[in-house]
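Whenever a hint applies, use it, and build me the whole structure from the sequences.
2 protein chains.
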Amino acid sequence: MVKKSDIKAGKDNAVSKLESMGNTLLTEIEKEQSPSFEAPLRGRSNVFHNEKTGCLYLGEKKEKRFFLNVAQAKKFMQTVAVASKCKKFKEENLHTSIRGLFYQLKFTLGDDIDEELFEEQSESNELVEDLEVSLAVKREELNLNTARKGVVAGPIRIKDKFAGDETIIDGTKQGRSGWMIPSDVDNGMELLDVDADYVLVVEKDAMWQRLNEDKFWKKENCILISPQGQASRGCRRLIRRLADLKLPIYCFADCDAWGWYIYWTIKTGSMNLAYLGESIATPEAKFLGVTMSDIDTYDFLSKLTIRAKEVDIKRAEEMLTYPWINKHPEWVNELKTVLEVKKKLEQDALQGPRLTFVADYVREKIEKKKFLP
Amino acid sequence: MVKKSDIKAGKDNAVSKLESMGNTLLTEIEKEQSPSFEAPLRGRSNVFHNEKTGCLYLGEKKEKRFFLNVAQAKKFMQTVAVASKCKKFKEENLHTSIRGLFYQLKFTLGDDIDEELFEEQSESNELVEDLEVSLAVKREELNLNTARKGVVAGPIRIKDKFAGDETIIDGTKQGRSGWMIPSDVDNGMELLDVDADYVLVVEKDAMWQRLNEDKFWKKENCILISPQGQASRGCRRLIRRLADLKLPIYCFADCDAWGWYIYWTIKTGSMNLAYLGESIATPEAKFLGVTMSDIDTYDFLSKLTIRAKEVDIKRAEEMLTYPWINKHPEWVNELKTVLEVKKKLEQDALQGPRLTFVADYVREKIEKKKFLP
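Residue numbers (the numbering used here), protein chains in the order written: chain V, 1 to 373; chain B, 1 to 373.
Among the hints, a few may not be true.
Here chain V is said to cover these stretches of chain B; the calculated rule only asks that three of the stretch's residues, wherever they fall, bring their Cβ under 8 Å from a Cβ of chain V [as the list claims (entries may be wrong)]: (1) 87-97; (2) 126-139; (3) 171-178.
It is worth saying that the hints were derived from the structure and are not from the lab.
Glycine included, every Cβ here is placed at the ideal spot set by N, Cα and C.
The following block contains the structure:
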């Protein structure tokens, strides 16, 4: 499991972990044992919510893979090949995507063997996750970039030590665009000054632009982030790092399947990345809105609801079965209202009366502390 | 049609055009005629390629909409409502998305009329395009943001006059991330210095990151752009503006349906946005690769081709029927090779032998001027 203490920015133990993995294999060979590789199972049956920390984790179930086993030999060789390539990338001090890794792996066996070790990229993806889990390193530390998405602006200064250069990113000087959140916000990235009162995470890029134009982050002295939909790993790590600085995290999303999912993924982590545990979750996050009860407060919203789709209904029902959600009466109430009235509500609807109403709404919610947990 | 001269950064004639539209309606009413609104048809049957300029345009076919026509009355009222809202946004000096516009339109008729002027956002989307075409303004000039995507780095300095502030964006100081290309790169956005030798447009964000890490833009003194897939309106406008500065534009994409589409959209404009004509097209652009003939030059690539999918085959066949493509023997040859060998090739494959090979490839292609037209 990756612990918070393992992933402090700058600390690089990936190479030593890769070497130790290789040494273990060598020892097994010297002892005339079958080389083996052990990794926790990542299926949903091995995902658990920890009541105390509020995060999703992997459980104890493990799988052991042996070289001298006909069914496992290929996968075993593949795992070692991926580890070997990552070690090379680390030594070269170069990064690539898992697609780039895949193309390098095509040359693993050399020209004289008429056999492909990897046919499809999906094979190598899975092995990257295996390595992350068993070595307790993040793929970003293995010099593998992940898809990046998300934008940030506000009173934050970041030192980006990248490719031998040093750049200071000033979150107050990003104009209409904001700074694009990179794949890796840990290694070689230092938060210099964060002189903000809180962090506002806005689901949709269009709403982020609306608030950015209103200089919301300046007026309210906050950090304005949009994951631009589902939050990337980099965005989730940035939110985690800001929460570590004791900044309150408020999430502003749609009242629908997708909005709830984005929020809960930021808060508890996701099933798929449960192996990253607390390093990618922010249990301190609060849900600012929009909510069904907003309709009672702001009359005009009753005209702007949308019929809930099947996916919204299904998701609401599913969420009501999760113990870490149904323990909150506020969420039970919210989801049951959706199931009853079969309506949903978008954050964009707050622009109905006037474009600048969005900022007033957020301000009022924060002042009155009207959040869902 | 929007002409290049109409869309110079800073020139704002949208309000006067909206007013003139309103005045025409008033005159018709005073003359006791049915108010009317004329817009060119935007269907494919009215899209033409202009051999001389190398761009796609709308033809002469038009549609006239009358208020006093039962079938057209609603659409007519909707058009006027959209125009009126956009005028309000201009006067407020505020921007929103077309989703924000949609929610404002929900209040057009007032509370005492039990009739919705707009049910679905798709209705208002279409009317925004109608307005763009008939008034020859871009939606960005109507203060409507479009979805933004794309990233830029390199020797470029941009003055962003946004929301009353002035920010200087320095394309050499964007670290690992690059500057996110905004929705609108014209209004209030000035290119201060662009001291580059050429522009390299890289289809995939992962490959952009690879080249950015190698400081390709620094070593080669070029502007490094990734549309991150299909190019947004903002990205296409930025490429057009850079081409206006006489910088050569080289596109580096996959050899497959999607890569070719991205290239030709940048070069000639797209069918959907044919009404924007030359303002969103860059006929000067060249296709740098990857190409099927690369396999003859770089042996290792033969091991890294992928089976072409049906969509690739279909697209290649379709492209061979376009006169503006099949007039180039180089493209005919390329597409016929794909149809013959039924293989495709990704730009990522260039990382096969070593990660830094990508930069060598691009450099060699540019030195030897090995482009497709």
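We went through each hint and held it up to the structure:
1. 87-97: holds (count 6)
2. 126-139: It is violated: at least three residues are needed, and the stretch 126-139 of chain B offers just 0 whose Cβ sits closer than 8 Å to chain V.
3. 171-178: holds (count 6)
Of the numbered hints listed earlier, the single one contradicted by the structure is hint 2.
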